[in-house]
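Read off the chains here:
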Amino acid sequence: MKIPYYPGCTLKTKAKDLEDSAIAAAKVLGVEMEELPQWNCCGTVYSLSTDDLIHQIGPIRNLIRAKEQGSDRLVTLCSMCYNTLKRANEFFLADEEKRDRINRYMDEEMDYAGDVTVVHLLEILRDEIGMDKVKAAVKKPLTGLKVSPYYGCMLLRPASIGIDDMERPTVMEDLLRALGAEVIDDPYKTECCGAYQTVNRKDVVVTCVHSILTSAQGNGAEVVALSCPLCDFNLDNRQKDIQQAYAGFHTMPVLYFTQLMAIAFDLDESVCRFELSSQDPRPLLKSKGLIA
Amino acid sequence: MKIRLSRDRVRGEFVKRVEMISGQDLLQCYQCGKCSAGCPAAFEMDILPSHVIRLAQMGQGEELAKANSYWICLSCQTCTVRCPRGVDIAKIMEALRLVTLRQKNRNKVEATALPMELLVELPQIAIVSNLRKMSG
Amino acid sequence: MSETFDKKALIVGGGVAGIQAALDIADGGYQVILVERTPSIGGHMVQLSEVFPTLDCPQCILTPKMVMCGQHPNIDIKAYCEVESVTGEVGNFTVRIRHKATYVDWDACTGCGQCEQKCPTKAPSEFNRELAFGPRKAIYSPFAQAVPNKRVIDADHCLKLTKDKCGICAKVCPTQAIRYDQKDWIEEIKVGAIIVATGYELYKKENLTEYASDPDVIDGLEFERILCPSGPTAGVIKRPSDGKEPLDVVFVQCAGSRDPDKHLPYCSRVCCMYCCKMAMLYKHAVPDGQAYIFYIDVRTDGKMYEEFYQRGVEEDRIVYLRGKVSKIFREGDKIIVFGMDTLTGKRVEVAADLVVLAMAMIPNPAGEKVKKILNLETDTFGFITEAHAKLHPVETGIDGVFVAGTAQAPKDIPETVAQAGGAASKVLSLFSGVEKGGKAALKEMAG
Amino acid sequence: MKPRIGVFVCHCGLNIAATVEVSEVVKAIEHYPGVAHAQDYIYMCSDPGQELVRKAIREKKLTGLVMSNCSPSLHERTFRNLAASEGLNPYLVEVANIREYCSWPHQGDKETATKKALTIIKATIERVKRNQALVPLIVPLQKRVLVLGGGVAGMQTALDIANGGYPVTILEKEAYLGGRVRQLERTFLTMESAPDLANEMIDRTLKQPNIEVLTTSRIENLSGYVGNFEVQIRQQLPWVDPARCNGCEACVAACPAEVPSTFDRGLTTRKAVDWTPGERHGDRRIFLDHAACLRVTRQENCTACREACAEGAIDYPEDRLIDRTYGAIVVATGHDLYRKSALTEYAEDPDVLDALQFERLLSEDGPTGGKVLRPSDGKEPKEVVFVQCAGSRDPDKHFPYCSKVCCMYTCKEARRYREKVPDGQAYIFYIDIRSTGKGYEEFVKESVEKERLLYLKGKVSKIARKGDKLLVLGGDTITGLQVEVEADLVVLAMATVPNPGAKELARLLNINTDPYGFIQEAHPKLAPVETLTAGIYLAGTSQAPKDIPHAIYQAGGAASKILSLFSRKELVHEPLVARVDQEICAGCGYCRDNCAFQAVDVDPIRKKAMVNEALCEGCGACATACPSGAIQVKNLDSKQVFDMISIVTQDYSMQP
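Chains as they are written, first to last, in this note's numbering: chain A, 5 to 296; chain B, 80 to 215; chain C, 25 to 471; chain D, 14 to 669.
These aren't lab readings, by the way, just hints derived from the structure by calculation.
Ideal Cβ positions, reconstructed from N, Cα and C, are used throughout, including at glycine.
Please note that a few of the clues may not be correct.
What the hints assert, rightly or not - SDA-like cross-link-like pairs, simulated, lysine to any residue; straight-line CA separation at most 20 Å:
1) A/Lys150 with C/Arg354
2) C/Lys286 with B/Gln107
3) A/Lys206 with B/Gln107
4) C/Lys142 with D/Glu361
5) D/Lys582 with D/Gly121
6) D/Lys479 with D/Glu361
Claimed, not checked - Per the computed footprint, the stretches of chain D lying under chain C, defined by three or more beta-carbons under 8 Å from a beta-carbon of chain C, are:
7) 506–520
8) 565–573
Start from the sequences and build out the full structure, keeping to the hints where you can.
This is the structure:
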């Protein structure tokens, strides 16, 4: 299966670990993610105002790029991109008058009718590949690894956009179980990490992430699995700041679900780019015999 | 503090603008507080989300101008998806940000003022989203 | 209208509404056929611990009425029966009633209970809301004071019926009443008027996904059973997960009610009072305990209700918190409740031992079939629409068919009893008017 | 004659037999003095069980039965009927309750339970030994109903009973039917015209041939009891003959007495002789209000109206007294609003209205023809404040209870105001919004959103005049801030109180009222339309504040009780009543003073207490009060009670 893929800004730099591991792991399952030849920033956050049409143009243009590739689907890895692109498309479908105005504005591009479905890789794994097939591809089951999945906000909310039940999602759990991991359910898995406040209100993020990680640890998790580069930055890099704010806090590694797939599929360790992690996961993985 | 209510207040320019930008009917809110109860950033807000809407219902623009709540808001949508009356509170928070940001020189964060080490440390996704929320 | 007029009434549903209407009509000298889906009349009211605002126990005030129904020469209780079809019109309805197989010959059964005592198979008790504490047997009567006092075999759990093993009940029955080969059978009756009193159910907890699905997060009727002195814990307050006595109990009102966006827009009317009552009873049983009630508006608007609420606050030290609960989840031994007090503007977090959700009232799904058969108009939620909200609150759009109790809308017991009396008076007027003034009287009533 | 008592011990399946050793009990009682037969059976109430009892009565020639089984509330009647069918007087049968009183509370303790069962049975045997054969009292039943009050509740009760074929009299103190509903503009929820709704019901009432309506009438005197209430009615005969009156209004012009209109809640005035209020009222006519006429108020011999009338339609006949017998009475006397002046922190001001006054302002047949204009200067108010719980939910100074309907009617009134004054703003101060009926929550939501009503959670502390405006000082407890509104008009949702005169009426009828003067029902759950006096029922807001649908089905409930009552040929009264030993009674009257049913009186000449057996409920309060033991309850006299106590004290070695 070939599918156009939209990376978004961060996957090319700080979240290269997400991109590389995802592309490699998907390939094992017969999914070829082909990067759009031309793409632009999605805007990272969906505009919540009713009178800001300009902010819809960025995401819509990316959807047109998928259309240009002859596809009516576009796959994403980053939760923020997924949310922004999918909501923009939803907006575009719902409002005919605004749709017409956006089409008129984009004079070079083809008219867009709202007919590209934005999907997240997790949806493809669940709905098209199936967890049985994932399980069959596992060569090195993550036996004994206690993983707490973390969804954050943008994969789940609002309901019309979410890839799963917005309060009780299970897709990542099912995937991790297929990979052989021990899944730790945590009530904070849908709580926000503090998001963009990380820029000028680091303290807010520190409090949010501290709650999330200590809850996961309290339930016995050794590692957190997620899918968003912003969540990843806050949960992983901000642990240094948490240590300063909260005495006695124990750090823990944070991995993208795709990295865990790559490990379980026994792919070359280089696709995981563990060196990009702030909290090095390798000692834990080694102790579990999952990497050399 | 005392609030003086009149028609010019509760149906004033401020209320109209917030409702227009957000596309939400403020009076749909019946003050159950569920948004505040679940807000993950509320610990840092000086006025909780339900009180923000309450003040907006009463047309208290000046009071709200002083609040930090909507600058702390994470746009995580937890409030929105749990609101029993279907009020998109995140949109109201966005509208309150925009009411300020759309005034000249009222950016909360200036891109040019961000220190270099921060720009190096942070992923793009953080910088772009922050500027989208904090500047006009 | 044809020449005959059957001055007999059919009442569908044997809860307090059906019981009251049956007694009123029967006392008025007319025959009543009271059809009940479960093995006993009594409805939800007999499940309750005590009832507000008097704190009477339903065992004291309802079971005598149930017995009166059972003994009344004018009342024919058809328990474990369902209405299959209705044809005809006011004065001449033909009703087919399905007698569901009980596998027990009720004419022979004396209700001695030896079969139940010896039955080796346990099954969750519907009467105890399927709580872990209170299972029943495969041959059972739902509760001690059941009317009629007869046994029923649960075909899904009986070893004889599922696996052709056991057969103990047949061996121990002193009157040889067990009939493993019994089948459903249909009876046809004629009636002149019908009262629908099919009652309510609670909205399912599972619909509120932001609240954890947890054995210690229970609905109001489950807590009623735990509070009930004759309930499965004999009135000792225990939480389902580990049987411990809960010391911090949180009540969450409007769970699914007043939520037009995702659940039900209407107010369920009785939750404010029953939460206050349950919190009081809990406090009486666990003097060290603390009850918290999250609410939006305290709707205690009946006679002596406001006073009752004040007593709960002042005497039983219930902490009322104005705000909806956003999230409930387990953290080790505790249930964490994220709430809000909109009055201080502060967020409130309670580490509770037990959480009680005052789930919205919905029409009893078991009543759907009857409503369809009778072609009754309902609102979007399935509550039966009355002919006129103000002037004809017990009449339906169909002549000779009336409504009583929570089948029409959420309401409390006094209002249900009053409405049931109102419905009965319409039937009595109809029958008595026909008797005294002939059919001309009917026309007048219709006017 | 020596007693030959049969004792029957029921197993009740395992209910009794699992805890009480029934065979031992039978063995032990067989030879007890006076016992001629003892037997146990698994279900004494079953057909084979009953057959055993019959056989024993016949063969052993039993003179009394002690049925040892469940509570008498369950099967006393069963076994008494059985005895009667065998020619044994049913009052020689008593139940020894060994289930609820014994096997159930002592589960798992066979020894205690068996001993106790035996004691209970022996005590009951002693009682039966002294029981007398009694005959039930037959009381005639007058199948005619008196309904007090012609509002919607009263009319609905009357209609249901009249449709059932029985005659009904409605007594209404005003000159017209319809009660409070006729004063309203619309009803909430459906937003229908309230006068139309009332008029539709009035039409049905007036057309129903079984209903007699007596307006400007009240009850003067009452005696008797259920089935036979002797009622004296005082009817003010109309001083204007409607058959002769041509509506020329000459009398109105001539009348010197001008009074505030009660119908318009004092917003207008009327002459003592004037039109009946409400233009849309079906039987609008010129009518002379006795309460306002100088002939009554000042005892003057004013004849101005009679002189002015060219048709000779006016005269001043005396009130008519009517004596009637009724089988049942329904109290539906309705409610009023608490007086505004009681809330002294709120200004007494022409622009501070109560909710009924505001209804009149909204009404097309009201003083402003339905335009919302403020009373002080006739200007259209642009800022209107509604204050809920004015006097309600105030246990310290006013009423602790909730008036139930204010939340809904305030919302409706604010909505109607906004529909009539689109550029106006309505503010509603509340504590809790109590919109609990069917569709009510949705109605409030829709009104708030559509009419932009601003709800403020908090009571209003003060209302004061400030020039052209009314200063309203309130709070918004949600933001925790003080709120001040400069209003043009204020509407107070005053607490619902019983209609004046309800207390005196209750005294006359010998029924109870609650501390606020509402009529007390017999049981809030299971007897909500009955009073403790048999034959007197209640409906509508006389019992408690309630809305129209609730009043309507409560009215139906009262009617159904009466229809049931009337379905019998006559009333059968239990003979277990008090009896006075005339030779012992000293006529002190303690029994009379302690009787809750007014069943005992002292004959003033003979100085002896007399029991009205039809009224006596057999409660025994008189017997406990009697210093000499002259008054006793039949089949439970003090000798019997002491005999039973002796058994218990012997068995448990207690000092009596």
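Status of each hint after checking the structure:
1. Taking the CA atoms of A/Lys150 and C/Arg354, the gap is near 19 Å; set against the 20 Å cutoff, the hint holds.
2. For the hint linking C/Lys286 to B/Gln107, the alpha-carbon distance of about 14 Å falls within 20 Å, and the restraint holds.
3. Our distance criterion of 20 Å between C-alpha atoms is broken by A/Lys206 and B/Gln107, whose separation comes to about 34 Å.
4. For the hint linking C/Lys142 to D/Glu361, the alpha-carbon distance of about 77 Å lies beyond 20 Å, and the restraint is violated.
5. Simply put, D/Lys582 and D/Gly121 have alpha-carbon atoms about 50 Å apart, too far for the 20 Å limit, and the pair is violated.
6. Our distance criterion of 20 Å between C-alpha atoms is met by D/Lys479 and D/Glu361, whose separation comes to about 13 Å.
7. Under the rule that three or more residues need a Cβ within less than 8 Å of chain C, the assignment of the stretch 506–520 of chain D is violated, with 0 such residues.
8. Under the rule that three or more residues need a Cβ within less than 8 Å of chain C, the assignment of the stretch 565–573 of chain D holds, with 9 such residues.
Checked against the numbered hints given earlier, the structure breaks hints 3, 4, 5 and 7 and satisfies all the rest.
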